[in-house]
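Asks: Listed here are the chains, written in short residue letters.
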Amino acid sequence: MEDKNNIALSVRDLKTFFYTNNRCNKAVNGVSFDVEKGKTLCIVGESGCGKSVTAATIMQLLPTLSRIEEGEIKFQKDDKIINIEKLEKNGKEMREIRGSDIAMIFQDPMTALNPVYTVGFQISENLKYHTNLNKKEIREKCISLLNDMGIPLPEKRIDEYPHSYSGGMRQRAMIAMAMACNPKILIADEPTTALDVTIQAQIFELMDKLKKENDTAIILITHDMGVVAELADNVAVMYMGNIVEAGTADDVLRRPTHPYTKALLESVPVLGRGKNQDINPIKGSTPDPYNRPIGCQFAPRCNWQTESCDVMPEITQINETHQVRCHKYEQFFEKYK
Amino acid sequence: MTTYIIQRLFIFFPMLLVISFLVYSGLELSPGDAVSHMISPELASTITAEQLDAMREAYGLNQSFLTRYWIWLTSMVQGDMGYSMAGGVAISEIMVKTVPATLELSMVALFFSTILGCSLGVISALKRGSGTDNSLTVAGMAGVSIPEFFFGLVAILLFAIELKWLPVGGRLLPHYETLWDRIPNIVLPSLVLALMMTAGAMRYARSSMLDVLAREFITTARSKGMPEWRVNILHGFRVALTPVVVLIGFRLPLLIGGSTIIEQVYQWPGIGSMFIRSVRASDYPLVMTISLMYVFVVLTASLIIDVLTALIDPRVRLGKE
Chain A
1 MEDKNNIALS VRDLKTFFYT NNRCNKAVNG VSFDVEKGKT LCIVGESGCG KSVTAATIMQ
61 LLPTLSRIEE GEIKFQKDDK IINIEKLEKN GKEMREIRGS DIAMIFQDPM TALNPVYTVG
121 FQISENLKYH TNLNKKEIRE KCISLLNDMG IPLPEKRIDE YPHSYSGGMR QRAMIAMAMA
181 CNPKILIADE PTTALDVTIQ AQIFELMDKL KKENDTAIIL ITHDMGVVAE LADNVAVMYM
241 GNIVEAGTAD DVLRRPTHPY TKALLESVPV LGRGKNQDIN PIKGSTPDPY NRPIGCQFAP
301 RCNWQTESCD VMPEITQINE THQVRCHKYE QFFEKYK
Chain B
338 MTTYIIQRLF IFFPMLLVIS FLVYSGLELS PGDAVSHMIS PELASTITAE QLDAMREAYG
398 LNQSFLTRYW IWLTSMVQGD MGYSMAGGVA ISEIMVKTVP ATLELSMVAL FFSTILGCSL
458 GVISALKRGS GTDNSLTVAG MAGVSIPEFF FGLVAILLFA IELKWLPVGG RLLPHYETLW
518 DRIPNIVLPS LVLALMMTAG AMRYARSSML DVLAREFITT ARSKGMPEWR VNILHGFRVA
578 LTPVVVLIGF RLPLLIGGST IIEQVYQWPG IGSMFIRSVR ASDYPLVMTI SLMYVFVVLT
638 ASLIIDVLTA LIDPRVRLGK E
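From first to last, the protein sequence lines are chains A and B.
So in our numbering the end of the first sequence lands on 337, straight run, no missing numbers.
So in our numbering the end of the second sequence lands on 658, straight run, no missing numbers.
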């Protein structure tokens, strides 16, 4: 993390707020992280914790009622550093980054492809806008992309419509679309939630391969701890718009220092431990974003809560890579060492 | 698709047959016959029952219902539409005069309302919540709810009588032969006729467009770095178009039938006013021909819609592959 050249995207103190009915939902409330080239950063957390909004903010694909309130998103394009948050939302510069430098794949491949255009057309749009290839070259490139994604008979499949693709194939087509211009960063917003487990494994294998071959940085948003263990180089755990713990996969998964991370890990059943294993779901549910707890957002659901938790804890650096946002982390760390 | 169209054409004829029988029965059940409408009220007291019967015999009205239907049907199949009982004019001649007039009016109206309705609907959806959207919504509601004849009369009052920009009514005036001469006459009736459909199409296009703009593939398109026009029109409107096409298609027969009122208001010599007259006079052959023509238009319109939706939306497949 020290080497600045290695960082593809750097987010600092990012705040994205939603305004509805004169109320303000602080969906992303001061998030900082770095994405390294050729590494996978997993953002984990429960539903509604701000994972997807963070992703949408990086792409400037926020809905109309929300805006970036504060913070910086620095993207390294070639040798220049671009401040994404300063670009016009659908302006030319932003559009040039989207799809070509930073690409995104979505949760549900069933709805993320336009039903009235062929898969080939939808992939070629990307190439048409971001490269100087001619029609014939674009078509060849599309076929080779589909081929790389393991779609059989790509010459034939390219002219088919999304409805004749299966779910897994559609997600592959989505990845082909996202990878068309060799993006530096690929944001995957729960890419396998809508797919079954075998297809899930194939998709992740594919993403891992692409990461290694093209040195693409991946931001993977998920709530599946198994996926995190499998793929992540770095992990950021989010809760109510904040990152509560971040570090390398080893740091976070083997030595969880925040009660929330620990609770998340304990709420997942482990294959092979039998039917009678203890699963401890996190008590309560996420608070109403319009009626947030004072201080540490997790405190009301936390077993370690004390009076000191009424003040929002600052980020503490445990070691070079591992950071946590909790008052009690030392005691906690001791207990579960 | 060709197979599908041929299959559909085969359904055409049985349907025409059934509907023609139903219309004929309806006419039979309605009080009075052609002869009773031919006699002016002043003469009614002086005419004898024998004379009436003689007239009925002359027109063949004394024969049984089924025999008359059969005679009508066989001659219709041979292409003989018969003569109007009220005026004695060949029906083919009446149709040649009135059908083009009605088609001209409704096609121009359809053209205006489709283009206007779709574009206003899209604008309204893209600027939702804005002043433009709100005023278009109010205008749309007014357009849907205020009856056509009222608009027609107000338009005559305003543009023809007060401002004297356009003629009051009529289609072909003497000495007006070129197309250019005839355009002023069609402007008012076609716009008034288009108004209601524009309002409907606009509301429909707006909601369909809003629905599509909230879909995920719009975000996908944006995430590829497409410019906004391409996202909205190519990815948004193209998908939103399907239900709008269906709506407009189903309005087509309504438009042809519904032009009746406007034809009356603007003295447009179309089929609508002819239809009303023929029903009043129990003019069997004419009523039958016109209603069959309406049926034909409805069936053709629905066939066109099917083909169009299949062309627009690749998920729609017609018949067996």
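Don't read these hints as lab results, they were simulated from the structure.
The structure displayed is predicted, hence computed values, not measured ones.
Keep in mind that a hint or two might mislead.
Unchecked claim - Below, in silico cross-link-like pairs of lysine to any residue (SDA-like), each with a Cα-Cα straight-line distance of 25 Å or less:
{"hint": "1", "chain 1": "A", "residue 1": "39", "chain 2": "A", "residue 2": "319"}
{"hint": "2", "chain 1": "A", "residue 1": "74", "chain 2": "A", "residue 2": "320"}
{"hint": "3", "chain 1": "A", "residue 1": "89", "chain 2": "B", "residue 2": "649"}
{"hint": "4", "chain 1": "A", "residue 1": "283", "chain 2": "A", "residue 2": "320"}
{"hint": "5", "chain 1": "A", "residue 1": "92", "chain 2": "B", "residue 2": "555"}
{"hint": "6", "chain 1": "A", "residue 1": "39", "chain 2": "A", "residue 2": "24"}
{"hint": "7", "chain 1": "A", "residue 1": "92", "chain 2": "B", "residue 2": "565"}
{"hint": "8", "chain 1": "B", "residue 1": "464", "chain 2": "A", "residue 2": "225"}
{"hint": "9", "chain 1": "B", "residue 1": "464", "chain 2": "A", "residue 2": "310"}
{"hint": "10", "chain 1": "A", "residue 1": "212", "chain 2": "A", "residue 2": "144"}
{"hint": "11", "chain 1": "A", "residue 1": "262", "chain 2": "A", "residue 2": "212"}
{"hint": "12", "chain 1": "A", "residue 1": "135", "chain 2": "B", "residue 2": "648"}
{"hint": "13", "chain 1": "A", "residue 1": "283", "chain 2": "A", "residue 2": "319"}
{"hint": "14", "chain 1": "A", "residue 1": "135", "chain 2": "B", "residue 2": "434"}
{"hint": "15", "chain 1": "A", "residue 1": "135", "chain 2": "A", "residue 2": "107"}
{"hint": "16", "chain 1": "B", "residue 1": "464", "chain 2": "A", "residue 2": "77"}
{"hint": "17", "chain 1": "A", "residue 1": "77", "chain 2": "B", "residue 2": "565"}
{"hint": "18", "chain 1": "B", "residue 1": "464", "chain 2": "A", "residue 2": "93"}
{"hint": "19", "chain 1": "B", "residue 1": "434", "chain 2": "B", "residue 2": "486"}
{"hint": "20", "chain 1": "A", "residue 1": "74", "chain 2": "B", "residue 2": "564"}
{"hint": "21", "chain 1": "A", "residue 1": "128", "chain 2": "B", "residue 2": "570"}
{"hint": "22", "chain 1": "A", "residue 1": "335", "chain 2": "A", "residue 2": "266"}
{"hint": "23", "chain 1": "A", "residue 1": "128", "chain 2": "B", "residue 2": "555"}
{"hint": "24", "chain 1": "A", "residue 1": "156", "chain 2": "B", "residue 2": "649"}
Asks: State for each hint whether it applies.
Replies: Cross-check of the supplied hints:
About 20 Å separates the Cα atoms of residue 39(A) and residue 319(A), which keeps this hinted pair within 25 Å; it holds. Between residue 74(A) and residue 320(A) the alpha-carbon distance is near 21 Å, which keeps this suggested pair within the 25 Å criterion. A C-alpha spacing of about 31 Å is found between residue 89(A) and residue 649(B), which places the hinted pair above 25 Å, so the restraint is violated. Restraint check for residue 283(A) and residue 320(A): not satisfied, since their Cα atoms lie roughly 32 Å apart, outside the 25 Å limit.
Taken as a hint, the residue 92(A) and residue 555(B) pair is honoured in the structure, with Cα atoms around 18 Å apart against an allowance of 25 Å. Between residue 39(A) and residue 24(A) the CA atoms are separated by roughly 34 Å; this puts the pair beyond 25 Å, and the hint is violated. Annotation: proposed proximity of residue 92(A) to residue 565(B) holds, straight-line Cα distance about 10 Å (limit 25 Å). Distance restraint check for residue 464(B) and residue 225(A): the Cα-Cα separation of roughly 42 Å exceeds the 25 Å cut-off, and the hinted pair is therefore not satisfied.
Proposed proximity of residue 464(B) and residue 310(A) is contradicted: the alpha carbons are some 44 Å apart, above 25 Å. The straight-line distance between the Cα atoms of residue 212(A) and residue 144(A) is roughly 18 Å, inside the 25 Å bound, and the hint therefore holds. Pair hint residue 262(A) plus residue 212(A) does not hold up; C-alpha atoms about 30 Å apart against a cutoff of 25 Å. Restraint check for residue 135(A) and residue 648(B): the C-alpha separation of about 24 Å stays at or below 25 Å, so the hint holds.
Taking the CA atoms of residue 283(A) and residue 319(A), the gap is about 30 Å. The hint is violated against a cut of 25 Å. Restraint check for residue 135(A) and residue 434(B): the C-alpha separation of about 53 Å exceeds 25 Å, so the hint is violated. With a C-alpha separation of about 30 Å, the suggested pair residue 135(A) and residue 107(A) falls outside the 25 Å cut-off, and the hint is violated. For the hint pairing residue 464(B) with residue 77(A), the CA-to-CA distance comes to about 34 Å; that exceeds 25 Å, so the pair is violated.
With a C-alpha separation of about 23 Å, the suggested pairing of residue 77(A) with residue 565(B) holds against the 25 Å cut-off. Restraint check for residue 464(B) and residue 93(A): satisfied, since their Cα atoms lie roughly 24 Å apart, inside the 25 Å limit. The straight-line distance between the Cα atoms of residue 434(B) and residue 486(B) is roughly 24 Å, inside the 25 Å bound, and the hint therefore holds. A C-alpha spacing of about 23 Å is found between residue 74(A) and residue 564(B), which places the hinted pair at or below 25 Å, so the restraint holds.
Under the criterion of a C-alpha separation no larger than 25 Å, the hint pairing residue 128(A) with residue 570(B) is consistent with the structure, at around 17 Å. Distance hint between residue 335(A) and residue 266(A) is fulfilled; the C-alpha atoms sit about 15 Å from each other, no more than 25 Å. Restraint check for residue 128(A) and residue 555(B): the C-alpha separation of about 18 Å stays at or below 25 Å, so the hint holds. Distance check on the hinted pair: residue 156(A) and residue 649(B) sit about 21 Å apart at the alpha-carbon level, within 25 Å; holds.
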